[in-house]
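Undergrad: Sequence:
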Amino acid sequence: MMLGTVAGTVASTIRTPSLAGQTLVRVVVAAGHAEHTVVACNPLSAGPGDRVVIAHGAAARHALKLPGAAIDATVIAIVDPDKS
Numbered sequence: 005m006m007l008g009t010v011a012g013t014v015a016s017t018i019r020t021p022s023l024a025g026q027t028l029v030r031v032v033v034a035a036g037h038a039e040h041t042v043v044a045c046n047p048l049s050a051g052p053g054d055r056v057v058i059a060h061g062a063a064a065r066h067a068l069k070l071p072g073a074a075i076d077a078t079v080i081a082i083v084d085p086d087k088s
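As numbered in my numbering, the sequence shown has no gaps in its residue numbers, which increase by one up to the final residue, 88.
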């Protein structure tokens, strides 16, 4: 799992059938001093600025109950805001 911040949505009018009905988001993940962007399915409707937990690989497909789908990353939790 990784922690990241939703940077926006990904628009796609043509996609593989296994992604039908899935919304996609761009998530910026910080790893040390570097950042990288992950495109993830978004079944929880996370919005821009939300901090999220992302599952990868088989766990991402399992979270959506789509074992044969062409999915590598899925938002599995929206992190509560820090109250400190």
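Hints were generated in silico from the structure; no laboratory data involved. On a predicted model such as this, the values are computed, not experimentally measured, just so you know. C-beta: ideal position from N, C-alpha, C; glycine also. Mixed in with the good hints there might be a few duds.
[Stated by the list, open to error] Label-pair ranges, simulated between beta-carbon atoms:
| # | residue 1 | residue 2 | range |
| --- | --- | --- | --- |
| 1 | K69 | R19 | 33 to 43 Å |
| 2 | T17 | L68 | 34 to 44 Å |
| 3 | I18 | S49 | 31 to 41 Å |
| 4 | S49 | K87 | 18 to 28 Å |
| 5 | T20 | H66 | 15 to 25 Å |
| 6 | K87 | I18 | 34 to 44 Å |
| 7 | E39 | H66 | 34 to 44 Å |
| 8 | K87 | A15 | 27 to 37 Å |
Undergrad: A separate judgement is required for each hint: does it hold in the structure or not?
TA: Each hint, compared with the structure:
Under the hint 33 to 43 Å, the C-beta atoms of K69 and R19, about 18 Å apart, miss the expected range. The hint said 34 to 44 Å for the Cβ distance between T17 and L68, and at roughly 21 Å that hint is violated. Look at I18 against S49: about 23 Å separates their beta carbons, and that is not inside 31 to 41 Å. A beta carbon spacing of about 22 Å between S49 and K87 agrees with the range 18 to 28 Å that was offered as a hint.
The hinted range of 15 to 25 Å is satisfied by T20 and H66, whose Cβ atoms lie roughly 18 Å apart. In this structure, K87 and I18 meet the distance hint of 34 to 44 Å, their C-beta atoms being roughly 43 Å apart. At roughly 27 Å, the beta-carbon separation of E39 and H66 lies outside the given 34 to 44 Å, and the hint is violated. At roughly 34 Å, the beta carbons of K87 and A15 sit within the given window of 27 to 37 Å.
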